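There are 2 protein chains.
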Amino acid sequence: MTAQKPSLPKGVRDFGPAVMKKRKFIMNTIEQCFVQFGFEAIETPAVEKLSTLTDKYGEEGDQLLFKILNNGDFLDAASQEIYDAKDSKKLSKVIAEKGLRYDLTVPLARYVSMNRSHITFPFKRYQMQPVWRADRPQKGRYREFWQCDADIVGSTSTYGDVELLDLYNDVFLNLKLPVIIRFNNRQIFDCILQNILNDEESFRFMQLIDKYDKIGDKVNELLRTDINQKAVDIWMKLLEANGKETNAEKLAALNLLFPTIPLELMKELEGNLDLVQDKGENAISLDFTLARGLSYYTGIIYEVVPQPEMLPDGFSVGSIGGGGRYDKLTEMFGFEGGQGVGISFGLDRIYDVMEATDLFQNYMEDNRNILFCVMDTENMPMAYRLCKSLRDMGLNTELYPKALKLRKQLDYANAKKIRFAAIIGQNEILNKTVMMKDLESGEQKQMDWSEIPIFIQAG
Amino acid sequence: MTAQKPSLPKGVRDFGPAVMKKRKFIMNTIEQCFVQFGFEAIETPAVEKLSTLTDKYGEEGDQLLFKILNNGDFLDAASQEIYDAKDSKKLSKVIAEKGLRYDLTVPLARYVSMNRSHITFPFKRYQMQPVWRADRPQKGRYREFWQCDADIVGSTSTYGDVELLDLYNDVFLNLKLPVIIRFNNRQIFDCILQNILNDEESFRFMQLIDKYDKIGDKVNELLRTDINQKAVDIWMKLLEANGKETNAEKLAALNLLFPTIPLELMKELEGNLDLVQDKGENAISLDFTLARGLSYYTGIIYEVVPQPEMLPDGFSVGSIGGGGRYDKLTEMFGFEGGQGVGISFGLDRIYDVMEATDLFQNYMEDNRNILFCVMDTENMPMAYRLCKSLRDMGLNTELYPKALKLRKQLDYANAKKIRFAAIIGQNEILNKTVMMKDLESGEQKQMDWSEIPIFIQAG
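Just so you know, the protein sequences line up as chains Y and S, in that order.
Sequential numbering from 1 applies to the first sequence in my numbering.
Sequential numbering from 1001 applies to the second sequence in my numbering.
In case anyone wonders, no lab produced these hints; they're calculated from the structure.
Please note: incorrect hints may appear among the correct ones.
[Stated by the list, open to error] Only pairs whose alpha carbons sit at most 25 Å apart, straight line, appear in this in silico BS3-like list of lysine-lysine:
id	chain 1	residue 1	chain 2	residue 2
1	S	K1093	Y	K93
2	Y	K388	S	K1010
3	S	K1176	Y	K5
4	S	K1176	Y	K56
5	S	K1005	Y	K89
6	Y	K89	S	K1010
Please read these numbers as outputs of a predicted model, since none were measured by experiment.
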């Protein structure tokens, strides 16, 4: 075996210790809130049947699926006719029957459909796992990245809608990352477009306003040229209502501008507003320009972005969370009871924002780790025993495995951000003492072995 | 889209909420020990280059790699000559350049080699991630399963060897799963086979004794027929030394029976024995019959099995942990400084053993979750606010999202093992009270809203 220069495939990443600490902090914060709200964890396999994954994400999505080659003599399954065509798409169908998870939503729908008879509905599940997409890698876009999803399946109650707004609110409050939690309701579009635009025009309308964040006023022009003036008029009214100060004022304005919105929907929207309230610097903002693309949402829709004023100049990031209510998620797997509502947290983007805004420095963990530094090889066994007995008392300890120069051992402690060095030379062994050094403050103190736990706790 | 009957590929699994709670318990226990011993987390991507993975696990291993089809028109890369051969192996080399991680050791070697200039050695890393093998699925053998590894890379100190024995000791003590931690040293074989068996015979010797667990005394016969009587003689002496009562007695017997073992190695083995001690019902057992297959180990080797008397009749499981010291792990990637020692925990098998022995019942979490059950739709908003305010005080609360019959709501609480029901009807709203019911004890008590937190804490 000759040595090879190691490298990673495009778009995937290693996470070293420093990065992992921060990622774990984010994931633990999200998970604690999930649990507090009554969500329970499930995990699904990375590898799914391609029949489960294909036709669920549109044609573009299908092309981004990672397909796994069948094992063994996979070409045996290819008829000579198919083989001779030498067509990648056709051949892949017979030589690759499995693929990598593309999101956590389709696996959830599959899971719920398969296990419907064992599940107590409403099923509140969370899931935090990587997903894979063969997208062109670029800044902030990876081929392997993590999603953290919470869904309430098997319930049409709008209390779920509100609960997920509050869940976003709590998570970002706990992360100390101020956000705008935008929400809207797809049914508003249904009401106000009905009888004015036909289905195709409505579809195009949603497509265009979904780009408002990126293209701004150009939306007007495209609405006029691609659809008609009526579409522009609707859009102008939506913007007018959206321009009001408070959520309640927005809703009142919407009601006035679009009298066709049924009373029932208005009452639901008002009821939701009554229950939510901003926390910390977060803003929960009703936003009639929010459309959430062409996805399967049928009711409330969510999108979370960082408060723009907190981002450094030139730093841009899309949404760091999103979701909505769906009616037919599990129908593709033959189960009719899968109405629900769900949200997703984009771990990798949340990480990028917190890193760019120096937010992690608020979370330097309470580090009371100890490194035992021994000056003489013959004293290592005694130091090892001492180190172990402290560990049995619940302290985080390790022994530097060789009696090298102290400088070298302290370098190791500093690189690992270990807080305390317990230095042991010949005298210390004789007197059953140790020189404890706080590497943060520089303070150091000779003490009996029995005093170490108290010193560390007080540290 | 027509409805399809959903199913999973062979050998992979979903984990529902009840199973996830237990898996998380095991993983948290392992992780806490890793951290206490000074190990730091890394994660590597599921998807690696096939050039990184192949030729590392032997020919059989290569066949068990899951290969990922290149995206787009992957057949473009296949020359007509290669294509016309219609040979799965040859074609796969040009149409699949990525594969799924097969273990956590080769990715570690790649990671260390790629990041050698940023890493402070000795590098103590842990990693808990799934791996994939296209093995024939059977009871206890999965195609997607989890490994939890701790390694110390860049150190030849035998304090690391001992530390990992202690790490096994602590983890299984904390899991309350009594185990035998068997260990041996590959160098013993080097010394006692040297000048008696040639390389090929030595190789076969290791191969055969590795099967001792499974085939017992048949090892003797095979040693005689496949190698020679000298091999049998060595084996009989090893068994004799192994039959002694204590580790110290075994070592003394070994020394007597094989005078060729150098003093230095004997001193090292004695030194290790001096430092370790059993904890709880665990046994740390020097075992000269342990060979750990044909792997890359060069010093200490480890293998963990459950104490046989604790297993139910007819329940068999292989090792639930293993590892050892290696000299050349990173050489395949051109880095010479990768000497180290590592151990692995088999999460799925540990789970299976704990489930089969009813061990999880020791860990029913301290569950103080509350379900708010509202009797009248018009009181839901007030109940939602109350539920939220308790959550802000740190309690785990959720609101049943519809004012259904109480029985139905309590069924939900029971299915999710929620401990407390907070029942709210018309009277309770008027008086700002709640009927708190402890679903475990059956006890129930009417109380003011303000009293709930104290009641739950005391519960």
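Now for the hints, and whether the structure bears them out:
{"no.": "1", "hint": "K1093/S - K93/Y", "verdict": "holds (18 Å)"}
{"no.": "2", "hint": "K388/Y - K1010/S", "verdict": "violated (44 Å)"}
{"no.": "3", "hint": "K1176/S - K5/Y", "verdict": "violated (44 Å)"}
{"no.": "4", "hint": "K1176/S - K56/Y", "verdict": "violated (45 Å)"}
{"no.": "5", "hint": "K1005/S - K89/Y", "verdict": "holds (24 Å)"}
{"no.": "6", "hint": "K89/Y - K1010/S", "verdict": "holds (24 Å)"}
Of the numbered hints stated above, those contradicted by the structure are hints 2, 3, 4, listed in ascending order.
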